[in-house]
Structure formats: structure tokens, C-alpha cells
Amino acid sequence: MALSRNISVSEASRPKLPRHAKLKFDETRQVWVILAPERVLAPDEIAVEVLQLCDGVRSVSDMIDQLTAKYAAPREAIATDVIAMLQDLADKGFLTEAREKTS
Amino acid sequence: MSDILTDGKALTDGKAATAPHDGLAVLEQRRSTAETFGIPLAVLAELTHRCPLQCPYCSNPLELDRGGTELTTEEWKKVLTELAEIGVLQIHFSGGEPTARKDLVELVQHASDVGLYSNLITSAVLLTREKLSALADAGLCHVQISFQGNEPMVADRVAGLKKAHEKKLDVAKWTRELDLPLTVNAVMHRQNLHQLSDIIQMAVDLDADRLEVANVQYYGWALKNRAALMPTVAQIEETSRIVEEAEVRLKGILAIDYVVPDYYALRPKKCMGGWGRQFFNISPAGKILPCHAAESITGLEFLSVRSNHSIAWIWQNSEAFNRYRGTGWMPEPCQSCEFKEIDFGGCRCQAFALTGDAGNTDPACTLSPMHEQIFKQAEQEAAAHQDRFLYRNFAGGTLETEGEHGA
Ligand code: SF4
Ligand code: SF4
Chain H
1 MALSRNISVS EASRPKLPRH AKLKFDETRQ VWVILAPERV LAPDEIAVEV
51 LQLCDGVRSV SDMIDQLTAK YAAPREAIAT DVIAMLQDLA DKGFLTEARE
101 KTS
Chain P
1001 MSDILTDGKA LTDGKAATAP HDGLAVLEQR RSTAETFGIP LAVLAELTHR
1051 CPLQCPYCSN PLELDRGGTE LTTEEWKKVL TELAEIGVLQ IHFSGGEPTA
1101 RKDLVELVQH ASDVGLYSNL ITSAVLLTRE KLSALADAGL CHVQISFQGN
1151 EPMVADRVAG LKKAHEKKLD VAKWTRELDL PLTVNAVMHR QNLHQLSDII
1201 QMAVDLDADR LEVANVQYYG WALKNRAALM PTVAQIEETS RIVEEAEVRL
1251 KGILAIDYVV PDYYALRPKK CMGGWGRQFF NISPAGKILP CHAAESITGL
1301 EFLSVRSNHS IAWIWQNSEA FNRYRGTGWM PEPCQSCEFK EIDFGGCRCQ
1351 AFALTGDAGN TDPACTLSPM HEQIFKQAEQ EAAAHQDRFL YRNFAGGTLE
1401 TEGEHGA
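Chains as they are written, first to last, in my numbering: chain H, 1 to 103; chain P, 1001 to 1407.
The hints are simulated quantities; they were obtained by calculation from the structure and are not laboratory data.
Hints are supplied without guarantee of correctness; some may be wrong.
Stated by the list, open to error - Derived pair list, reagent style DSS-like, types lysine-lysine, alpha-carbon separation capped at 30 Å:
no.	chain 1	residue 1	chain 2	residue 2
1	P	1102	H	22
2	H	16	P	1131
3	H	24	P	1131
4	H	24	P	1078
5	P	1270	H	92
Given these sequences and hints, build the entire structure.
Next up, the structure:
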């Protein structure tokens, strides 16, 4: 059922973009876009940076560490922002969790 | 299946409104009006007009392109490459029935290779599981399947094909098994609106992501069948109530897009987001059109990808695109109307079909001098219950026989 499709993001999640959402740099308009069914969205710089880390292998916790090192900001603050952002993207259907291979 | 993009709304759907956290903006919304004649983000490719179904509401033109005039595989590939180069991001493969083309997998693969996001708009009856799986492997991003009802009695009669409904249910299941996102497109009219609640439930049961409840738009074959399709005012009120209730109940489970029948609305739809503003369509024979019904307007010359002009040139400079672009061409009451930048005077094809002049205000608008008459006519047609269909085909249409009726 569709109910279970949206994930709940925690530090342990390993999110990635689902097949129907594609992150891409639009050369013509010089902006990053997310392509989704019937929609084209323009994520801001931070969202792009975080989305690029969502490869289904890296955990959210690793992402936060990486961003903490890069921006020299308190880990806690970054963690709150990153998780909120990812949860929002997940609720809109732009993130999913890497699927466990069954059988 | 060209019926779904009729108001262009879907392409720039503002529903993913910017929320505080996600840093997303809908691209179209950031663009100023001056920029809007830039290359469209999404293009509809009508690969063929051939179709095993005969829907009486089909929005294809009455004069269908014959198989022999269709662009070849190589021509379509060249078109896809060119579209990607000029900045188109999404390609909707439509028809007729796009899976009637034997080269569909190859075309989807080519779209993926040149970086286009691909969507298949299909009636599903020609698909096998193997074919669908090959399309998924070729990089297909999304599948939209049209349904004519929620059970075979009504659905197969509307489609004019036995066992069509059963097949659609199978294909919808395979789509989700292959982890492809699914949109259910339900075209609604007087003879199936009573099934709406069940159709919504069907979409949930099929694990669809989106449901489009699209009331028939009356041009092409649908205009010929208007008396058999036009809903009553009471039905429309009931429809809006059912959709609103379902939207709340199914939040987070199923997204519902609702296209209101404009004959009964106060103002016309923003057809295609405005003529030549953010959308074009390529016909099976390669003509670049402002909308899929545009060829119904006589007196406009549409250029083809087979001409010696580039697609971008045709979009920017051809007479047919510029004729009704913006607001300068508008007559009264549109010219001095505060909504002219909002609905751009409605649909040119509808204005042509109902008033004989594509340059008139769309009579769906209450301010049009013709509105009253057309509204009354729709009401009367709906009440008369003349339910017999004229089926869509290459022979100019076939009237439903008594025996078939209700079968
Ligand atoms: S006949 Fe029906 S399925 Fe075929 S193209 Fe027309 S609307 Fe679509
Ligand atoms: S008069 Fe023209 S611009 Fe005004 S609402 Fe009607 S169609 Fe739209």
C-alpha cells in the first residue's frame, strides 16, 4: 500500500532519490533541478549539496559529520536542519530508502 | 491519450509549494513573464495516432495522421537529441497509443541517453510484462495509465474494446512491481461519473501515486460526442464534493489532480498555460503544435520538424505560435479584463470550435457574449440523455449499435 512509501528520516537512514526523481544540472538555465512526474523543481544550494550526498550508501549521520567538518558549525544545529530538510523532501516523495534485496 | 495535458496545468503544477525546510521552488514560479517564451520544460511527443481503443472523447483531431506519415525512428531520435540540446527537460510519450510503435524501447533509451526525463502516457492494452520491464530498463521514469471506469461493463464500452479494463489492471500492477511510479488518469463524463468514488478506491488499491480526475474537454472527437458525454450540473456538484472529501482523506496516500469541466465554470481554463508560453506538442507527422488540438483550427500553418527550420526557431518565430501569444491579440472583453494574464483568454481551439474564430474569447468564460447560449445547450444536452457513442477511428467514426449498447 502507498501508506508505507514515505520514509521517516533518522541519523541511521540511508536515503536516496527514488527512480522518478532526478537531480540534474540544467545547462540551459544554469540551475540545479529535480525532475519529477509532471513537475520541475528548483532546489536551493543547500538542498542540492545535501541531495548529492544521498546515494543510498551514506547514512544521514555520515552526511552530518561531513557537513559539520565543512562548515565548522555545531554538529547539533546542522543535524536538526539536515534531518528536517530530508524529512520534508521525503514527505514530498523525493527521497526513499535504499531497498533491501528480498530473496 | 492526449487528453491529460489539456490545460498544461500539470506541467507547472504549483502544488509543491515552497515549505520552510526543503529549499525547493517550482522552477516556473521563479521565472518572470519576460522569460516565459524560453524553451518549455516539458514537451509532449505524440508518436502515433494509431490506437486499439476507440474512446468517444479522444482529443486527437478528427483527421488522424496515418501510419505512413509518422516520423521514423531516426527522425524521432534526432528530435529528442535536439530537444535536450535546446533545454527541454521532460518528454511525455503519448499518442494515439505510443506502445503501438515498435521502436518505443529504443526511443525511451535514446531519451535517457540524451538526459531527458521520460513519461509514458498509455492506454496499456498493448503492453506485456516483458515490454514494460524493457522500458523500465531503458530508463523510463514514470507511467500514466488511462482508465475508462472502475469495472469492465462501463469501461470496455467506453473504450470500444473487450477485456481492455482487465488488461489495464494487470499493467498497473506490473508497473508498481517494477517500482515505477504510477498515475491513474480517469477521464470523466456523464456516463461514468457515478463511478468516481470507486475509481478513487481503485487508484488506492493499485498503489498509484497520483490520480487525475479529468473531465472531458470538448474538442476533437469529444465535441462530436458532446451530447453523449456532457455531465449534468448536479453531477458536477457531486463530483467536486467527492474529490474534496477524498483529497483530505487520502492526504499522503494519493495525490489527486482535478480538472473541472469548463462549460460549467465561471472562467475558462488557462489552456496550455497560455498559447505558446510554456508548452508544445509534436504530432505523429512531426508538426510542432501549441497544443494537441491546434490542428483543428483551420487557417493556421504549423511547421514540421521535417522543414528546414530548427525546433527552437519554429517555437520562437513561426506565425502560428506568435498569432495568439501574450495578450496583444485579444479582443474585448478580454483586452480590458483583469484576468487576461491569468487565463490568457482561455482555449483557442474551443473558441474556434464554438464561435468559428480562434481569436474570440473562449465561450467557456461567463463574460463571453456566447457563454449563456453554450451553457444552456450543454445543460439541455446533458438532460436529454442521448447516450449513444460515435467511436473514434480512422474511418471518420462509427456509431455505437443497439446491440453493443450497455454491453
Ligand atoms: S482512443 Fe482513447 S486511448 Fe486511444 S488515443 Fe484516443 S483517448 Fe487515448
Ligand atoms: S474575459 Fe477573457 S481574460 Fe477575462 S476571464 Fe474571460 S476569458 Fe479570461
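Which hints, by number, does the structure contradict? none
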